[in-house]
Amino acid sequence: MRDLKAVGKKFVHVMYPRKSSALLRDWDLWGPLVLCVSLALMLQGGSADSKDDGGPQFAEVFVIIWFGAVVITLNSKLLGGTISFFQSLCVLGYCVLPLTVAMLVCRLVLLAGAGTISFIIRLIVVVAMFGWSTLASTAFLADSQPPNRKALVVYPIFLFYFVISWMILTFTPQ
Amino acid sequence: IACLVMYLFAEFDDAANLLAANPDATTISIDEPVEIPKNQHSRLQEPGREEDDELLGTDDSDKTELLAGQKKSAPFWTFEYYQTFFDVDTYQVLDRIKGSVFPVPGKNFVRLYIRSNPDLYGPFWICATLVFTIAVSGNLSNFFIHLGKPTYHYVPEFRKVSIAATTIYAYAWLVPLALWGFLMWRNSKVMNIVSYSFLEIVCVYGYSLFIYIPTAILWIIPQKVVRWVLVVFSLCLSGSVLVMTFWPAVRDDNRRIALATVGTILLLHALLAVGCLAYFFDAPELDFPAPIIPAHNATTVTTKSR
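Just so you know, the sequences run in chain order A and B. Here the first sequence stands for residues 145 to 318, where the numbers follow this note's numbering. Here the second sequence stands for residues 16 to 321, where the numbers follow this note's numbering.
Keep in mind that the hints were calculated from the coordinates and are not lab data. Quick reminder that beta carbons are idealized off the backbone N, C-alpha and C, glycines included.
Stretch by stretch, here's where chain A covers chain B in the computed footprint (C-beta under 8 Å, at least three residues):
#: 1; region: 103 to 117
#: 2; region: 146 to 156
Just a few of them, taken from the derived set where beta-carbon distance is under 8 Å, the chain A residues facing chain B:
#: 3; residue: Glu204
#: 4; residue: Arg293
#: 5; residue: Thr314
Start from the sequences, fold in the hints, and give me the full structure.
Structure follows, in structure tokens:
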């Protein structure tokens with residue numbers, strides 16, 4: 145029960161990013177795991193003519209998220225960051241929450257139809273959530289970087305969430 | 016002491032002779048004023064820098080510290096060793112990118128920007144950006160080309176990301192490895208004044224790929240002429256960076272080998288650009304038959320025959 149409360153508190157921290165150290169201090173990887181699995185599950189069921197042309201498979205989404213988070217963490221540590229490995233993974237994983245919400249919204253919108261209006265709605269939602277994710281993770285991670293290298297650390301995070309947003313936006317149902 | 020002095024004079028004599036023997040040393044050309052002092056510098060510096068940059072990471076800390084400035088030499092199994100390859104600030108990375116996009120004629124990219132501080136940040140993240148840019152732009156371009164057609168069904172083509180990643184990272188690491196091996200081999204046969212470490216070559220190749228990122232975005236425009244003009248333009252820019260970097264390293268060699276080396280470098284670079292364009296971006300003007308869905312084969316055939 146205590147762990148569940150901790151996870152829930154972190155979700156709230158992500159949705160309303162303030163400079164709090166709770167997210168950094170008591171890291172856990174439950175939240176990122178749940179988010180990653182749900183995002184990968186929701187990205188299933190995309191249509192494809194052949195296996196080669198379709199959207200990402202479950203394993204591909206999983207690998208991209210975890211491998212991407214590890215690479216970004218290594219990058220920030222190599223550039224001289226003071227944050228620990230698992231703390232950074234925790235933050236990056238939790239900040240996938242807005243994008244998971246965006247995926248949920250997209251799937252609901254696609255139930256209603258797949259025309260131009262639905263695309264515009266999905267585009268706006270995904271872009272907004274992408275911005276939210278990037279800002280939230282930057283707010284938590286930027287302080288631990290040396291000041292003249294902040295942009296070098298923020299850019300890979302931007303790229304990471306951009307790729308996830310692209311996967312969400314290009315999801316086309318059967 | 017007299018012997019020592021004589022020995023030193025002999026050393027300087029050798030260096031002077033070498034430069035005198037090099038016919039280019041006396042001619043007035045743009046890059047010479049930059050090259051001559053750096054040539055001597057690099058020649059004296061060479062043994063230290065070679066050891067410093069070898070991937071096995073020798074502990075020759077005295078020599079390397081003296082010659083390379085503040086570069087610490089940690090054993091290669093520690094984290095600090097790899098941190099030395101990320102010892103760049105934001106403005107340095109931006110400067111290097113600028114240098115790769117606006118090549119100054121006669122200025123060597125490595126000497127001007129890298130200066131014994133090769134980084135792996137630039138090459139790695141430029142390649143990553145390029146991979147996703149090509150995949151996304153290709154997908155977008157295909158979407159726009161086939162937009163009006165009734166039988167077209169949008170697919171994200173996610174598998175192409177892994178193909179793009181393999182190609183670009185292989186190019187950015189294997190070609191420098193081959194080139195470095197080749198240059199080392201020639202170095203053992205012919206005394207080259209300029210030589211580069213493996214990481215510097217990786218650095219040059221990584222930064223020279225930067226121009227392909229805006230090019231890939233502009234390739235979305237579905238006009239054949241525009242795309243080929245972009246290919247030629249970006250090839251000229253990044254090719255010139257590579258040529259100006261590697262020409263000083265091979266020009267002391269046999270003329271034909273030097274030309275062949277530079278020609279191969281340019282050819283591989285061109286192949287990468289053209290290959291990416293051909294594979295990821297569909298041809299705009301051809302009547303591209305819609306992807307055949309097996310169940311709908313009959314309807315597709317009747318549509319085309321109308």
